[in-house]
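Novice: When you get a sec, could you build the whole thing from the sequences and use the hints?
This is what each chain is made of:
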Amino acid sequence: MSGRRLRRPRAWTTGIFVLAGLFFLVPMIAAFKFALVQTSNGKYGFNNFTQVVDSSSIRGPLITSLEIAGITAVIVLVLMVPTVVWVRLKLPRLSLLMEGVTILPIVIPPVVLAAGLIQLQGHAPSWMAGLFNSPVTALTPFYVVLALPFTYRALDTGVRAIDLHTMVDAARNLGANWPTLLWRVVLPNIKTAVLGAAFLAIAMVLGEVVIAEFLLYQTLPTEMVQLGQAQGGVSTALSLLTIWFTFLLLMGLSFLGSRRRGTTTRARFL
Amino acid sequence: MNGASAGAGVVFDGVQRYFGDVTALAGLDLEINPGELVALLGPSGCGKTTALRILGGFEKPSSGTVTVGGRDVTTVPAHKRDMGMVFQAYSLFPNMDVRTNVAFGLRMRGATKADRSKRADELLELVGLTGTGDRYSGQLSGGQQQRVAIARALAIEPTVLLLDEPLSALDARVRHQLRAEIRSIQQRLGITTLFVTHDQSEALSMADRVGVMRDGRLEQLDTPENVYRHPATTFVAEFVGAMNRVPGRIGEDGDVVVLGQRVPTVPGQPGVEYAPGSAVEALLRPEALQALPDAGGPGEISERTFLGSAVRLKVNLDGGQEIVVEAPSHGTDLPLGARVGLKVVVDRVVVANPGTPTVALSPAPA
Amino acid sequence: MATTVAEQAAAPIGPAAHKRRGGRRVRGDWLGVVPFFAYVLVFMGLPLYEVLHGAFTNAHGGLTFSNFSATFDYAQYPAAFKSSIILSVWTAAVGAVFGTWLAAAVLTTSPRNPLRRIVSSASGVFAYFGGVPLAFFFIASLGTTGMVTLFLKNQLGIDLYAHGFTITSVFGIGLAYCYFQVPLMVILITPALEGLRPQWREAVQSLGGSQWSYLRHVALPVLAPSFLASLLVLFGNSFAAYATALALVNGTVSLVPSQIQATLNGNVLVGQTGVGLALGVEMIVVIAVVMVLYGAVQMWARRWQQ
Chain B
3 MSGRRLRRPR
13 AWTTGIFVLA
23 GLFFLVPMIA
33 AFKFALVQTS
43 NGKYGFNNFT
53 QVVDSSSIRG
63 PLITSLEIAG
73 ITAVIVLVLM
83 VPTVVWVRLK
93 LPRLSLLMEG
103 VTILPIVIPP
113 VVLAAGLIQL
123 QGHAPSWMAG
133 LFNSPVTALT
143 PFYVVLALPF
153 TYRALDTGVR
163 AIDLHTMVDA
173 ARNLGANWPT
183 LLWRVVLPNI
193 KTAVLGAAFL
203 AIAMVLGEVV
213 IAEFLLYQTL
223 PTEMVQLGQA
233 QGGVSTALSL
243 LTIWFTFLLL
253 MGLSFLGSRR
263 RGTTTRARFL
Chain Y
161 MNGASAGAGV
171 VFDGVQRYFG
181 DVTALAGLDL
191 EINPGELVAL
201 LGPSGCGKTT
211 ALRILGGFEK
221 PSSGTVTVGG
231 RDVTTVPAHK
241 RDMGMVFQAY
251 SLFPNMDVRT
261 NVAFGLRMRG
271 ATKADRSKRA
281 DELLELVGLT
291 GTGDRYSGQL
301 SGGQQQRVAI
311 ARALAIEPTV
321 LLLDEPLSAL
331 DARVRHQLRA
341 EIRSIQQRLG
351 ITTLFVTHDQ
361 SEALSMADRV
371 GVMRDGRLEQ
381 LDTPENVYRH
391 PATTFVAEFV
401 GAMNRVPGRI
411 GEDGDVVVLG
421 QRVPTVPGQP
431 GVEYAPGSAV
441 EALLRPEALQ
451 ALPDAGGPGE
461 ISERTFLGSA
471 VRLKVNLDGG
481 QEIVVEAPSH
491 GTDLPLGARV
501 GLKVVVDRVV
511 VANPGTPTVA
521 LSPAPA
Chain W
102 MATTVAEQAA
112 APIGPAAHKR
122 RGGRRVRGDW
132 LGVVPFFAYV
142 LVFMGLPLYE
152 VLHGAFTNAH
162 GGLTFSNFSA
172 TFDYAQYPAA
182 FKSSIILSVW
192 TAAVGAVFGT
202 WLAAAVLTTS
212 PRNPLRRIVS
222 SASGVFAYFG
232 GVPLAFFFIA
242 SLGTTGMVTL
252 FLKNQLGIDL
262 YAHGFTITSV
272 FGIGLAYCYF
282 QVPLMVILIT
292 PALEGLRPQW
302 REAVQSLGGS
312 QWSYLRHVAL
322 PVLAPSFLAS
332 LLVLFGNSFA
342 AYATALALVN
352 GTVSLVPSQI
362 QATLNGNVLV
372 GQTGVGLALG
382 VEMIVVIAVV
392 MVLYGAVQMW
402 ARRWQQ
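Chains as they are written, first to last, in my numbering: chain B, 3 to 272; chain Y, 161 to 526; chain W, 102 to 407.
Simulated from the structure, these hints should not be mistaken for laboratory data.
This structure is a prediction, so every number in the text was calculated from the model and none was measured.
One or more of the hints may lead you astray.
[Unchecked claim] Derived pair list, reagent style DMTMM-like, types lysine to aspartate or glutamate, alpha-carbon separation capped at 25 Å:
no., chain 1, residue 1, chain 2, residue 2
1, Y, Lys220, Y, Asp173
2, B, Lys92, B, Asp171
3, Y, Lys503, Y, Asp415
4, B, Lys92, W, Asp130
5, Y, Lys503, Y, Glu463
6, B, Lys35, W, Asp260
[What the hints assert, rightly or not] Interface residues of chain W toward chain Y, partial, derived using beta-carbon atoms under 7 Å:
no., residue
7, Thr210
8, Ser211
9, Asn214
10, Arg298
11, Glu303
12, Ala304
13, Leu308
14, Gly310
15, Val319
16, Pro322
17, Val323
Heads up, the beta-carbon is just placed ideally off N, CA and C, and yes, glycines get one too.
Specialist: In structure tokens form, the structure reads like this:
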């Protein structure tokens, strides 16, 4: 099929690129400018950015958030990868129910979930009450639930893309037991999906503020909001760093993914 | 519906198409007579599809002109050219039923709903799909979809019909069936047609003339028989069926001695040295040779492939050359390793100087 | 479920095997999904139960509908609902229109163009993780001393704040929401746009139709279900969002999530948590309706799938 060179850019494509460029870059530039203004002397400098690492009031919540993010990602994968594989292999009829269940965290707005959690915090069953003592143990289990929609979809897509049945049958035929099978056969083949799911979970945790705020814990996002009232510059610097970090994560993920598929098309419909 | 010669003549004059440093068409000169079906045949990337798309107006040539019915259409946009186009696949509009699809072109021309419906139904009957007007493309098989596509293209009574590998995505059986039907419709309506394909049996069986293309150039344009029997270049010889080039020597009275036999040559090939004694190569198709069991023969069967109606044999000559021979499958059964002799079974053979392409004669002899 | 080594070695492979094994539904198979469902039951079910329970319970622990009637009686709640819905509608519309426009433009560029990768990653970032950072970006641009505010005031003589605009109003929040609605639309509509086959456009042209005919008769009708479905997702997304508003505004706004927080903080009257939970249930109902409509639209879209 003969390829086509890029046509001269049309008015309607240039138009939206300019508009979108303005709309999305201007606030970032404004934020960057704002973050460069040091609170101490009002002049430009990277003070606010370095404060992110130096400031003890930030470091604590930052570490807490990173801990939560890491543990959440691990629990999500440990819970979801075997489940997704199992459903696909043995209980395909259940996939509709799975889709429904994993959609629920989206149907229930975080605000509402948070409201419910406050109540739960108030009168939790004894075995659960201990969880609420620290932010890590309190938030992680529920963040796992919040991460379900993204991660289930990512993993399900990854598993659908490989011929699971044949692979598993071949491995079983050669004598592999279930743990070996999962670890050595299935996992390496859905690497991209697993990484994607993990990244999404981590990015989600680093940004979740509603539940953490309601339950009065101190995580990175709540600290950012707190600082926002007082030291806008540091908060803004932190926001920029978070966004850039997440952006780099996703870009990196897109390189991983495209090496496998390489499907992108150049649309000739418009 | 019109009768014969509803078509217009098409002329490609020096048409070139470049993409940066890639040459899709290196200068195409092609004339299609009114009512004629010309098939462009060649491997992927040879430029046949580009030529078709330029004729349809979907691409603009880098240089050269395209004339249809005496009118220069090089700069006319696609939707103003009066041409019907049938794509390889997926071209039916999914949001419309079959009848609406077929009638679409008429709608663009402002026909009334009643007229459109009537004409659409007529065309569906022409392509053998009476009664399917209310179905959607998703409910049709590949072959049926292509019939609808053909009906849709014909609905606007185009002067030129363009077919871009319309059968390539279909099953073998459906392909054979549709081949004959397309040809018959085309002849009945007398529409000038350009048909692009990489399948040589399609081209040979359907076309009035076949144009074999390679790397953006037309290597030979001639009737199917001539392209097959008198290939102009080695590429054509080998692309359209297999071809053996067997060394031989010109004998007295212009015959060639090849494989131990004297065979009359096709005379008058420009550039070929017909003087007795000169070394030439005889161009022999696999079916022009017969393998006979001969314990003292010059060749040995090295490969045997059963094709159903024929058997393809590879014979290794003692001199080292490999000859491909095709035999009917009910003939003598020759196993692997059998010693054979080869007999030339055609009454005249084309020769060429060793290592050079032949030049097509015009007009070519029978 | 115990099988001997011999049985395992002799087990047939491939789809045929599953037909045979599937005949007797092995009870053990269900065990595999127990961990997942148990986890979800506890960690999603319990909070959900608390919400439902609290919404229907009065201060003394008895069953009541008074919380729900309160959500209609006190003016600020219906007002907040109206506000939230209007906000969700217009941010969904803006997101849908500009998002589709942007997605279409991106798809006309060459696949090797780095712009594509950048737009796709950036869309993911803003669509899903905007929240708090977004608020700060907007304060920096459109706050009282924001870069854009000052530019408009000093260079163009337009004083936004004098005209009553403020970034902390519902409208200001909505403007910030567009920042993640547009990218979300790009993500949602791109697969549908990629599904538009080039043959359709060329077929229309060969039949005498212009680019506009193609859009009108083929492209837009084929895109319509996906567009509508995405619009619904955008609506739900905006309606349920709160992170940005929380970071932007220090007090209470006329949006449902904010009202819920107010009741829980005791900012209104003490002991109004039941009302807050009732509001929560009502939010769930709205989203559930949206999801049902979404499902219906998807089924309509499937009608034409090849």
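Novice: Now tell me if each hint is right for this structure.
Specialist: Hint by hint, here is what the structure shows:
1. For the hint linking lysine 220 of chain Y to aspartate 173 of chain Y, the alpha-carbon distance of about 13 Å falls within 25 Å, and the restraint holds.
2. Between lysine 92 of chain B and aspartate 171 of chain B, the direct Cα distance comes to roughly 12 Å. Compliance with the 25 Å bound is thereby established for this hinted pair.
3. Taken as a hint, the lysine 503 of chain Y and aspartate 415 of chain Y pair is honoured in the structure, with Cα atoms around 16 Å apart against an allowance of 25 Å.
4. Of the supplied pair hints, the one linking lysine 92 of chain B and aspartate 130 of chain W holds, its CA atoms being roughly 7 Å apart against a limit of 25 Å.
5. With a C-alpha separation of about 18 Å, the suggested pair lysine 503 of chain Y and glutamate 463 of chain Y falls inside the 25 Å cut-off, and the hint holds.
6. For the given pair, lysine 35 of chain B sits about 21 Å from aspartate 260 of chain W by alpha-carbon distance, which is consistent with the 25 Å threshold.
7. With a least beta-carbon distance of about 17 Å to chain Y, the hint placing threonine 210 of chain W at the interface is violated under the 7 Å criterion.
8. Interface hint status for serine 211 of chain W: violated, as the beta-carbon distance to the closest one in chain Y is roughly 12 Å, over 7 Å.
9. A distance limit of 7 Å between C-beta atoms decides the matter here; for asparagine 214 of chain W the minimum to chain Y is near 16 Å, and the interface restraint is violated.
10. The beta carbon of arginine 298 of chain W is positioned within 7 Å of a beta carbon in chain Y (closest approach about 5 Å), and the interface hint is therefore held.
11. Restraint check, glutamate 303 of chain W versus chain Y: the minimum CB separation of about 6 Å is within 7 Å; hint holds.
12. Interface restraint check: alanine 304 of chain W against chain Y, minimum CB-CB distance 5 Å, threshold 7 Å, status holds.
13. Interface restraint check for leucine 308 of chain W: the shortest CB-CB distance to chain Y comes to about 4 Å, inside 7 Å, so the restraint holds.
14. The closest approach between the C-beta of glycine 310 of chain W and any C-beta of chain Y is roughly 5 Å, which is under the 7 Å cut-off, so the hint is satisfied.
15. Against a cut-off of 7 Å between C-beta atoms, the interface hint on valine 319 of chain W holds, since the closest Cβ of chain Y lies about 5 Å away.
16. Using the Cβ-Cβ criterion of 7 Å, the hint placing proline 322 of chain W at the interface with chain Y is satisfied: the shortest such distance is roughly 4 Å.
17. For valine 323 of chain W, the interface hint holds, the least distance from its beta-carbon to any beta-carbon of chain Y being 5 Å, beneath 7 Å.
Checked against the numbered hints given earlier, this structure breaks hints 7, 8 and 9; the rest are met.
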